[in-house]
Structure formats: structure tokens, C-alpha cells
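Participant: Produce the entire structure from the sequences given, and follow the hints as far as they go.
Protein chains in written order, with the working numbering: chain A, 1 to 114; chain B, 115 to 344.
Hints are supplied without guarantee of correctness; some may be wrong.
Using C-beta positions, here's what the derived DEER-type ranges look like [as the list claims (entries may be wrong)]:
no., chain 1, residue 1, chain 2, residue 2, range
1, A, L19, B, Y297, 25 to 33 angstroms
2, B, A274, A, I12, 43 to 51 angstroms
3, A, V82, B, G133, 34 to 42 angstroms
Dumping the calculated DSSO-like pairs for lysine-lysine here, alpha-carbon to alpha-carbon at most 27 angstroms [unchecked claim]:
no., chain 1, residue 1, chain 2, residue 2
4, B, K312, B, K228
5, B, K231, B, K306
6, B, K142, A, K63
7, B, K232, A, K63
8, B, K231, B, K312
9, B, K142, B, K132
10, B, K228, A, K63
11, B, K228, B, K306
12, B, K306, B, K232
Keep in mind the hints are simulated off the structure, nothing from the lab.
No residue lacks a Cβ here, since even glycine has one placed at the ideal position from N, Cα and C.
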Amino acid sequence: MAQEGQQHPIAIYLWIWGLLFVVSFFSYMVDYLQLQGYLRWSLILIFMFLKAGFIIAIFMHMKWERLALQLAILVPPVVILVLIGLMALEGEYTFLTRIEFFGESDFVPSTPHH
Amino acid sequence: MSEAAMSASGEVLPEGTKGVVQDFASDKQAFHVPWGKAMMWIFLLSDTFIFSCFLVSYMTVRISTADPWPVVSDVFALSFGGDPIPLILIAIMTFVLITSSGTMAMAVNMGYRKDRKKTFWLMVATAALGATFVGMQAFEWTKLIVDEGVRPWGNPMGAAQFGSSFFMITGFHGLHVSAGVIYLLVVAFRVKNGFYEKRGGNYEIVEIAGLYWHFVDLVWVFIFAFFYLW
Numbered sequence: 001m002a003q004e005g006q007q008h009p010i011a012i013y014l015w016i017w018g019l020l021f022v023v024s025f026f027s028y029m030v031d032y033l034q035l036q037g038y039l040r041w042s043l044i045l046i047f048m049f050l051k052a053g054f055i056i057a058i059f060m061h062m063k064w065e066r067l068a069l070q071l072a073i074l075v076p077p078v079v080i081l082v083l084i085g086l087m088a089l090e091g092e093y094t095f096l097t098r099i100e101f102f103g104e105s106d107f108v109p110s111t112p113h114h
Numbered sequence: 115m116s117e118a119a120m121s122a123s124g125e126v127l128p129e130g131t132k133g134v135v136q137d138f139a140s141d142k143q144a145f146h147v148p149w150g151k152a153m154m155w156i157f158l159l160s161d162t163f164i165f166s167c168f169l170v171s172y173m174t175v176r177i178s179t180a181d182p183w184p185v186v187s188d189v190f191a192l193s194f195g196g197d198p199i200p201l202i203l204i205a206i207m208t209f210v211l212i213t214s215s216g217t218m219a220m221a222v223n224m225g226y227r228k229d230r231k232k233t234f235w236l237m238v239a240t241a242a243l244g245a246t247f248v249g250m251q252a253f254e255w256t257k258l259i260v261d262e263g264v265r266p267w268g269n270p271m272g273a274a275q276f277g278s279s280f281f282m283i284t285g286f287h288g289l290h291v292s293a294g295v296i297y298l299l300v301v302a303f304r305v306k307n308g309f310y311e312k313r314g315g316n317y318e319i320v321e322i323a324g325l326y327w328h329f330v331d332l333v334w335v336f337i338f339a340f341f342y343l344w
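Facilitator: Structure (C-alpha cells):
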């Protein structure tokens, strides 16, 4: 299969194409309906990973590649989770230090004009 | 070195750079895909880390600022005569990019079917949608810089870090889309001219270009989620 190229029925691409539109619409709705808090964040992440999964697996043909290539490409990005963890801690520390030494923000935001 | 180095089986090994390449490769192929595809995947992996660095630094500055973050939903709202619709411009850009991903997937499929005409037109359509995306991004930047006064060092709507994160992340993504449009057009015209016919009629190049294009769409999925929706 891999030697002669990735040839698959057109129907599967059309299905995934349609699904991407639907999921994108849902993720836009998260903002449009002004959902807040953990519901908002978890829905954003669910829709994001669904879309990313469809694109990588079907459009980029990762589903049909050999396991060695799948692992070589998909496993390394997992280490980014460590960076996210470290930087979140660092960010919180900076935030608390700013509040401690400079006090609460007195910034008055203006609304954007359209 | 008086005599040529020999392998265990007794064959003479080449010297110099050729020897380095042969020794490291050991004459083995690790991934059973065309080398261009393997290299594209490895390039995309490195690009993943670059975009991750941008998004993680955006997270860091957003957590650490004491000023309120601008209400992204309002900043990117657009009015078509009536009340402004929140985030509508970004939603349209998302749909444009997804549409282009679909046409690209079809182009790859037609490429393997050796339907050169359809491949060419589908790739041109993909590039046109990509150019539309970049055009909308230029409009968005202009609106933010001129009308809303957003600068990399500050803006009237909230934390100063908003501007630098926005310009850096969307700018780098826009650059990738622009490069992709040129790349797709080059491959598309080569498909049309029969350039690949002279090379054994192999259209894997369309799939490799497609990998790059889908990656650009993939990065947008993450930017949309973390920068625009969060």
C-alpha cells in the first residue's frame, strides 16, 4: 500500500470534509452562545482534538501509514506537555509576584469600535 | 591512512563525506515511504515545535499579566450593517481554510488517479482559497492596527501582551499560508506541464505538498481554539 501511494475512495474525504465543517460550526457556537468556565474550555479542547484528529488521520493519511512512522511523528510532540506545565507554573508565579509588589491592575479597558 | 578501511564482510568502504553518509545510513531505510514524504513529515514535526513555542509563550504571558485580557470575541466582531456579530471574521477564515483542505485532499486523490487536469484545477482552487485567507488576514491586521490601535507593546482594550502574541502567532501562520500558496502553484503548474511525466509519472509530490497544506490548516485549528476561543 505505502509503496504504491495513498489511494482511497473519494467518499471518505467528503465525509471528513463535512464533519470538519460541522465540528467547526460547533466550536464557533461555543463562542456565539457565550458558554463560560469549564464547560467552555472542555468543549473547545474536545472540538479542537476532533478536528486535529480528522485532519491528521484521514487528510494526511496517517491512519494508513506504518506504525513506525506514526510513532516517530506523533510521540515527540507529547513532551510539549512538560513545557506547558513548567510555563504555567512560571506564569502563575509571575502573576502573583506582580500582584504582591505592584498591586491589583487599575487598567480601564475601552470597548472596540466597529 | 595507508590502506582502505574494510567492512566485516570484506568490502572496501568509501572515504570522506560519502563514507559518513554510508556509515550513518548503514544502507538501511527506516520508513517505507518516499524519502520526500518522510522529510516533509520530519519538517512538519519541527514546525510543530515552533508553533508550540509561540502558543506556550502566549499562554505564559496571558497567565502572568495582571491587566485584563481583551475580550477577543468583541475585538474580532464585525458588523454588516446591523449589530456586530462576535468573531464572525475568524469563523469565515476558518471555513475558507477547511474548504481549501478539502480541495487539497481531492487534488491528492486525483493525482494518484493521474487525472492531471483535475489535479491542476483542484490545486489552483486550493491556492486561491489560501490567498483569500491571507487577504482576510491582511484586512484583520489593518482593522486592528488602524481602527483599534493595537500595537505589539500595547492596546486600549486590555493587556499589552495581546498585541505581541497576536502579531507573532497569526503573522507566522500567515507566512506559512503565503509560502504554501506559492508552493502549491509551482507544483500545480508542473503537473499541468507534464513535468512529472518525464520523471516516471509519479504524483507523490502532490501528496507531499498536500501534507504541508493540511499542516497549515492543522495549526489554524490550534490557533483558533487557544487564541480566539479561549
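Participant: Give a verdict on every hint.
Facilitator: Against the structure, the hints:
no., hint, verdict
1, L19(A) <-> Y297(B): 25 to 33 angstroms, "holds (27 angstroms)"
2, A274(B) <-> I12(A): 43 to 51 angstroms, "holds (47 angstroms)"
3, V82(A) <-> G133(B): 34 to 42 angstroms, "holds (38 angstroms)"
4, K312(B) <-> K228(B), "holds (14 angstroms)"
5, K231(B) <-> K306(B), "holds (7 angstroms)"
6, K142(B) <-> K63(A), "holds (24 angstroms)"
7, K232(B) <-> K63(A), "holds (25 angstroms)"
8, K231(B) <-> K312(B), "holds (17 angstroms)"
9, K142(B) <-> K132(B), "holds (15 angstroms)"
10, K228(B) <-> K63(A), "holds (23 angstroms)"
11, K228(B) <-> K306(B), "holds (11 angstroms)"
12, K306(B) <-> K232(B), "holds (10 angstroms)"
The structure meets every hint from the earlier list without exception.
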